[in-house]
Amino acid sequence: GAVVSQHPSWVICKSGTSVKIECRSLDFQATTMFWYRQFPKQSLMLMATSNEGSKATYEQGVEKDKFLINHASLTLSTLTVTSAHPEDSSFYICSARGLADGNEQYFGPGTRLTVT
Amino acid sequence: GDSVTQMEGPVTLSEEAFLTINCTYTATGYPSLFWYVQYPGEGLQLLLKATKADDKGSNKGFEATYRKETTSFHLEKGSVQVSDSAVYFCALSGGGSNYKLTFGKGTLLTVNP
Chain B
251 GAVVSQHPSW VICKSGTSVK IECRSLDFQA TTMFWYRQFP KQSLMLMATS NEGSKATYEQ
311 GVEKDKFLIN HASLTLSTLT VTSAHPEDSS FYICSARGLA DGNEQYFGPG TRLTVT
Chain X
182 GDSVTQMEGP VTLSEEAFLT INCTYTATGY PSLFWYVQYP GEGLQLLLKA TKADDKGSNK
242 GFEATYRKET TSFHLEKGSV QVSDSAVYFC ALSGGGSNYK LTFGKGTLLT VNP
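Just so you know, the sequences run in chain order B and X.
Everything in the first sequence is counted per our numbering, starting at 251 for the first residue and increasing by one.
Everything in the second sequence is counted per our numbering, starting at 182 for the first residue and increasing by one.
Misleading hints may appear alongside valid ones.
A short, non-exhaustive set of chain X residues, derived as facing chain B with CB atoms under 10 angstroms [unchecked claim]:
1. Val192
2. Gly224
3. Phe284
No lab work stands behind these hints, which were simulated from the structure alone.
Since this is a predicted model, take the numbers as computed values, not measurements.
Here a beta-carbon is modelled for each residue, glycine too, at the ideal position from N, C-alpha and C.
Extracted from the complex, chain B is given alone in its bound form:
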């Protein structure tokens, strides 16, 4: 149980275009979803926290107009990287927790974004 999927697993896009990444909880209802960014050989940086049906809470230094997060249902959250640039190339990972999970999060497999 507690499986989280991400789609796509990797994507290459041209500079200036927008890319949408989906995060789904497959077998539980995710009341909270988290989006992280991971640079090569570095730790995970929390970008934002989203609760179903409400606006995401962004961490300091994360541009909310560039990284649009939508958590429209209890099983789906999306991250849209708008007007992507090469510096946005990274590994994006989502995680989710259900109402009864306390502080345990379940992680998706990640999405590798390359902007050319």
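We have chain B already, so just place chain X on it with the hints.
For chain X alone, coordinates are given in the frame of chain B:
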């Protein structure tokens, strides 16, 4: 704020060697502590956790004990295997309304046959 400091490595061991990866933390209150593992090209998987002082988390031969007096949660395994090669992250969750995780920088472990 909350923070996690872990041995950065990289750590290179021979198969069947003993493993220790140190992790210490700073947090207000009584956080829960976690070890996550990330295999090459994959997302994070929860390896083990402990939610209160003196708890021992264990899984797949790995163990870590929540030591409040030393604010530590060191990861140990008595005999590593090649398949244990991965990046290991120590993390804490202070609770709060959203249960945010704070991660250490990760430790790359390579086990040679």
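Legend entry - Agreement of hint X/Val192 with chain B interface, Cβ distance less than 10 angstroms: Hint violated; X/Val192 Cβ to chain B Cβ min 14 angstroms, cut 10 angstroms.
Inset, instruction - Answer holds if the nearest beta-carbon of chain B is closer than 10 angstroms to that of X/Phe284; otherwise answer violated. - result: 5 angstroms, holds
Inset, instruction - Closer than 10 angstroms between Cβ atoms is the bar; does X/Gly224 clear it against chain B? Give me holds or violated. - result: 4 angstroms, holds
Hint compliance for this structure: hint 1 alone is broken.
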